[in-house]
Amino acid sequence: MTFLARVRLVTFVLILISFAAASAFAQKLGPDGAPNPDASVTNQGALLEQAPRIQGRIDIPDVKASVLMQPAGRTWDYFHEVLLHWAGAIVIVGTIAFLALAYLIIGRIRIEAGRSGQKIVRFKSFERFSHWLTAVSFVILGLTGLNITFGKILLLPLVGPETFSDISQIAKYLHNFISFAFVAGLVLIAVMFFRDNLLARVDVEWVRQGGGFIKSKHAPAGRFNLGEKMVYWLSVAAGIAVSASGFVLLFPFYGTNIADMQLAQAAHAIIAILFIALILAHIYIGTLGMEGAFEAMGTGEVDLNWAKEHHDRWLAETLEREGRRPSATPAE
Amino acid sequence: MARMKFLCDADRCIDCNACVTACKNENEVPWGINRRRVVTINDGKPGERSVSMACMHCTDAPCAAVCPVTCIYPTDDGIVLHNKDLCIGCGYCFYACPFGAPQYPKVGNFGSRGKMDKCTYCAGGGGPEAPGSAAEYAKYGSNRFGEGKLPLCAEMCSTKSLLAGDGDIIAQIYGERVRKRGYGSGAWGWETAYHEDIKI
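Listed in order, the protein sequences are those of chains C and H.
In the numbering used here, each residue's number is its place in the first sequence (first place is 1) plus 1.
In the numbering used here, each residue's number is its place in the second sequence (first place is 1) plus 86.
Since the hints were made in silico from the structure, they are not lab data.
One or more of the hints may lead you astray.
[Stated by the list, open to error] Below, computed lysine-lysine pairings styled on BS3-like, alpha-carbon distance capped at 27 Å: (1) 65/C with 266/H; (2) 170/H with 192/H; (3) 65/C with 131/H; (4) 153/C with 201/H; (5) 65/C with 285/H.
Sequences and hints are given; from them, build the entire structure.
What follows is the structure, given as structure tokens:
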């Protein structure tokens with residue numbers, strides 16, 4: 002078959018198909034030849050079976066107004082008012098209970114050899130700035146975010162509707178604008194600590210030795226142990242997800258539709274709740290849970306014996322680089 | 087007590103948008119706020135229907151449930167009102183609303199929303215303002231309901247497509263229409279809004 006003949010055949014078939022399609026869409030006529038409106042009744046039940054939303058044409062330029070009905074709104078209501086309340090409360094209260102239990106059973110992890118009196122720099126000032134930028138903005142974002150979900154249950158009965166509304170209004174603006182500080186801090190942390198958080202062979206040994214929770218064993222670690230690395234990677238992942246979904250919410254209906262907005266809110270809420278649980282554990286181990294840990298991010302300097310017990314490889318490398326020898330006796 | 091509802095008989099709606107205009111005029115809503123709108127389904131195709139839609143004043147209103155400051159509530163007549171003094175403009179009611187009713191004036195950068203505005207069933211506002219007062223009118227629009235009148239959109243509908251009033255009565259009117267003419271595309275949104283449909 003020549004090329005021309007093939008083109009002619011395809012065109013012929015296309016014309017046939019279009020005739021068949023046109024007759025299928027043609028207006029149905031009643032017995033008297035008049036258009037029968039009954040035959041083409043558009044039923045909302047049938048429309049909702051075809052698609053989750055009923056959408057049409059509208060005379061105003063507001064695209065989101067062209068959605069006539071979206072019964073999924075009631076589903077989102079159920080998620081927000083029932084599932085999120087219960088799941089969120091269980092995860093957060095459960096984490097706090099778990100940490101309290103850990104404190105009661107394991108207690109504060111002490112520096113076994115006692116303080117040496119010698120200090121070594123663990124985090125430089127810019128690293129600490131990045132951490133605290135992220136940390137402070139995270140706490141504000143967390144509290145103002147929880148207020149949107151749990152405020153009306155916990156805070157509203159205490160302060161009354163007018164004051165609660167004023168607080169929530171301020172909280173909304175804080176949440177919207179401090180998000181940018183959080184993203185900046187997140188980027189700094191992700192870049193700055195990236196190299197030291199790559200998995201290494203020593204991490205396997207760290208797990209095998211009980212991760213420092215078994216007192217008779219010594220768990221070796223580099224600058225960050227596997228637990229810290231997990232906090233890093235989970236925080237970076239959750240931070241990216243929570244920021245991305247947050248920006249969708251901050252710019253509502255900028256190229257998104259109602260289903261996208263509902264999905265973004267659900268994702269934002271679920272990830273944020275899990276993120277808060279992770280950071281609660283991080284705060285616990287960095288303050289109450291371990292002696293000598295907070296000063297790493299507080300003053301930036303840690304005790305030599307603390308470093309020896311928790312980050313022996315890192316200590317050895319640092320001392321070697323600085324040309325110092327580890328000594329048990331304090332400097333004069 | 088009567089349970090107030092809206093019903094749009096889509097087989098009568100001619101997409102004239104007079105309900106939209108009447109609403110804007112009666113309530114003096116700001117630019118960009120559309121308490122009522124007309125959406126055309128299957129535009130230009132067989133089975134084309136236009137439906138006038140606003141707040142349906144739902145049973146178990148999802149907007150009221152999700153509101154973080156609980157500023158939305160139903161009245162004894164089933165009308166869903168809200169208090170603009172409490173609203174923080176979070177936009178959650180729009181996500182929950184099955185009918186796209188809540189509207190927000192743009193007040194700042196990005197997507198920041200002002201205090202929510204929506205159809206009040208021409209029944210004034212849910213705030214502390216005195217019913218029928220100038221302060222109430224400025225914030226929420228007309229309070230025809232307090233004067234014993236129904237919403238203007240439905241009252242002046244030229245084809246009597248849009249019905250407002252006691253749910254049982256307008257359901258009965260619609261049922262009679264459908265039986266007489268032999269067809270009907272259904273009470274749009276009733277199943278979603280009121281958990282019940284009109285049995286013909």
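Going down the list of hints, with the structure as the test:
For the suggested pair residue 65/C and residue 266/H, the alpha carbons sit about 36 Å apart, so the restraint of at most 27 Å is broken. Between residue 170/H and residue 192/H, the direct Cα distance comes to roughly 15 Å. Compliance with the 27 Å bound is thereby established for this hinted pair. As the CA atoms of residue 65/C and residue 131/H are separated by approximately 22 Å, the hinted pair is consistent with the 27 Å bound. With a C-alpha separation of about 18 Å, the suggested pair residue 153/C and residue 201/H falls inside the 27 Å cut-off, and the hint holds.
Taken as a hint, the residue 65/C and residue 285/H pair is broken in the structure, with Cα atoms around 31 Å apart against an allowance of 27 Å.
When held up to the earlier numbered hints, the structure conflicts with 1 and 5 and fits the remainder.
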